[in-house]
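Take the sequence shown: its position 104, counting from 1, is numbered 103 in numbering that gives the first Met the number 0, and each next residue is one higher.
Calculated directly from the structure, the hints in this document are not laboratory data. You may find that some hints are simply not true.
Unchecked claim - Here are the simulated DSS-like pairs of lysine-lysine, each with C-alpha atoms no more than 30 Å apart in a straight line: (1) 14 to 1; (2) 1 to 108; (3) 317 to 1; (4) 115 to 251; (5) 251 to 14; (6) 22 to 105; (7) 108 to 125; (8) 105 to 251; (9) 1 to 22; (10) 317 to 125; (11) 1 to 125; (12) 125 to 115; (13) 259 to 115; (14) 125 to 105.
Unchecked claim - Distance ranges between label pairs, derived from CB positions: (15) 39 to 296: 10 to 20 Å; (16) 47 to 303: 28 to 38 Å; (17) 270 to 54: 41 to 51 Å; (18) 270 to 47: 24 to 34 Å; (19) 115 to 47: 21 to 31 Å; (20) 124 to 52: 22 to 32 Å; (21) 127 to 28: 25 to 35 Å.
C-beta: ideal position from N, C-alpha, C; glycine also.
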Amino acid sequence: MKPGLVSNPLSQQNKQGMDRLEKAVDAFPELHYERLDRFEDLPTALDRLAATGVDLLLINGGDGTVQAVMTEVLERRLWGDTPPVFGLLHGGMTNMTAVDVGLSGKPHKALERLRKRLADGNLDSKLSRRRILRLEGALDTPPQRGMFFGAAAIYQAIQLCRSEVHPLKIEADWAAGLTLLRLLTGWVFGGKSREAIRGETITAAFNQAPGETRRELLAIATTLDRLVVGSRPFWNQQGEPLRYTSICYPPKGLLRHSLKVLYGGNERRLPEDCYRSRGAESVELELEGPFTLDGQFHEPDPQRPLRLSAPDTLDFVKL
Numbered sequence: 000m001k002p003g004l005v006s007n008p009l010s011q012q013n014k015q016g017m018d019r020l021e022k023a024v025d026a027f028p029e030l031h032y033e034r035l036d037r038f039e040d041l042p043t044a045l046d047r048l049a050a051t052g053v054d055l056l057l058i059n060g061g062d063g064t065v066q067a068v069m070t071e072v073l074e075r076r077l078w079g080d081t082p083p084v085f086g087l088l089h090g091g092m093t094n095m096t097a098v099d100v101g102l103s104g105k106p107h108k109a110l111e112r113l114r115k116r117l118a119d120g121n122l123d124s125k126l127s128r129r130r131i132l133r134l135e136g137a138l139d140t141p142p143q144r145g146m147f148f149g150a151a152a153i154y155q156a157i158q159l160c161r162s163e164v165h166p167l168k169i170e171a172d173w174a175a176g177l178t179l180l181r182l183l184t185g186w187v188f189g190g191k192s193r194e195a196i197r198g199e200t201i202t203a204a205f206n207q208a209p210g211e212t213r214r215e216l217l218a219i220a221t222t223l224d225r226l227v228v229g230s231r232p233f234w235n236q237q238g239e240p241l242r243y244t245s246i247c248y249p250p251k252g253l254l255r256h257s258l259k260v261l262y263g264g265n266e267r268r269l270p271e272d273c274y275r276s277r278g279a280e281s282v283e284l285e286l287e288g289p290f291t292l293d294g295q296f297h298e299p300d301p302q303r304p305l306r307l308s309a310p311d312t313l314d315f316v317k318l
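Full structure from sequences and hints, please.
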């Protein structure tokens, strides 16, 4: 395969690790390297990689960088109908996508391991195919691609994590886990965490059927297999591309049910009037407040619902 690398030196973990990464780049002469000292140069960098014939696209950055690259590649069809294989390095403060479908370890070590693997033969046995979300209807924003959508308390939790947990320099996955634990215990025992989470009225319509409106603590939609700290908060799936889960507000027995919500099987005995999960081909959402797509914040357009679907797939190298 013909490898190319897009590297975002402004991603949080890259701020301390770029020297080691670029030494690994120097030892990988067949690698086409694009360093994004200005993130707005991303479209031009991808144009060059596509024109060069790169068919293994490596991304060194966090979830936001990966999301932006997916959007460029799939919305502009830079590689036509055959997008490149993706290889994700853990270069950001939040790397939930890379944890699920990426190359494990520090970016420079992952790049060295990949170089040796390419020299030994092909990567077919290490590829994982996943659906990619397509989001339409964000305010003043063209359609976006990604792998994780979150609203209500999810948006609030990411804000909390960035302002209070990330400054502690805790590893990304553990930082998200610590934030989740704080929110759970804060809700149960009261205090500022409970006051900060107010719930949100959300209307959800699946597969173009009539919508249902209720007050939600949170709502998520994803095509990932595992989320923070290895959790799988989705069930009642029948092979549909989207996984959608919501929890009512105020939640019933949140701490008592938390392990089953996060780590139970496909069929979970939970209060169905509060804890809901299902698969879908598409979902349309009417929201009151902001939401996140792969850690990037957006506002809903009050003139139309958000629409989530998953029409395309990408192959990822998992090493």
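Cross-check of the supplied hints:
no.	hint	result
1	14 to 1	holds, 27 Å
2	1 to 108	holds, 19 Å
3	317 to 1	holds, 17 Å
4	115 to 251	violated, 51 Å
5	251 to 14	violated, 42 Å
6	22 to 105	holds, 13 Å
7	108 to 125	holds, 17 Å
8	105 to 251	violated, 40 Å
9	1 to 22	holds, 19 Å
10	317 to 125	holds, 5 Å
11	1 to 125	holds, 16 Å
12	125 to 115	holds, 14 Å
13	259 to 115	violated, 41 Å
14	125 to 105	holds, 18 Å
15	39 to 296: 10 to 20 Å	holds, 18 Å
16	47 to 303: 28 to 38 Å	holds, 35 Å
17	270 to 54: 41 to 51 Å	holds, 48 Å
18	270 to 47: 24 to 34 Å	violated, 53 Å
19	115 to 47: 21 to 31 Å	holds, 26 Å
20	124 to 52: 22 to 32 Å	holds, 23 Å
21	127 to 28: 25 to 35 Å	holds, 28 Å
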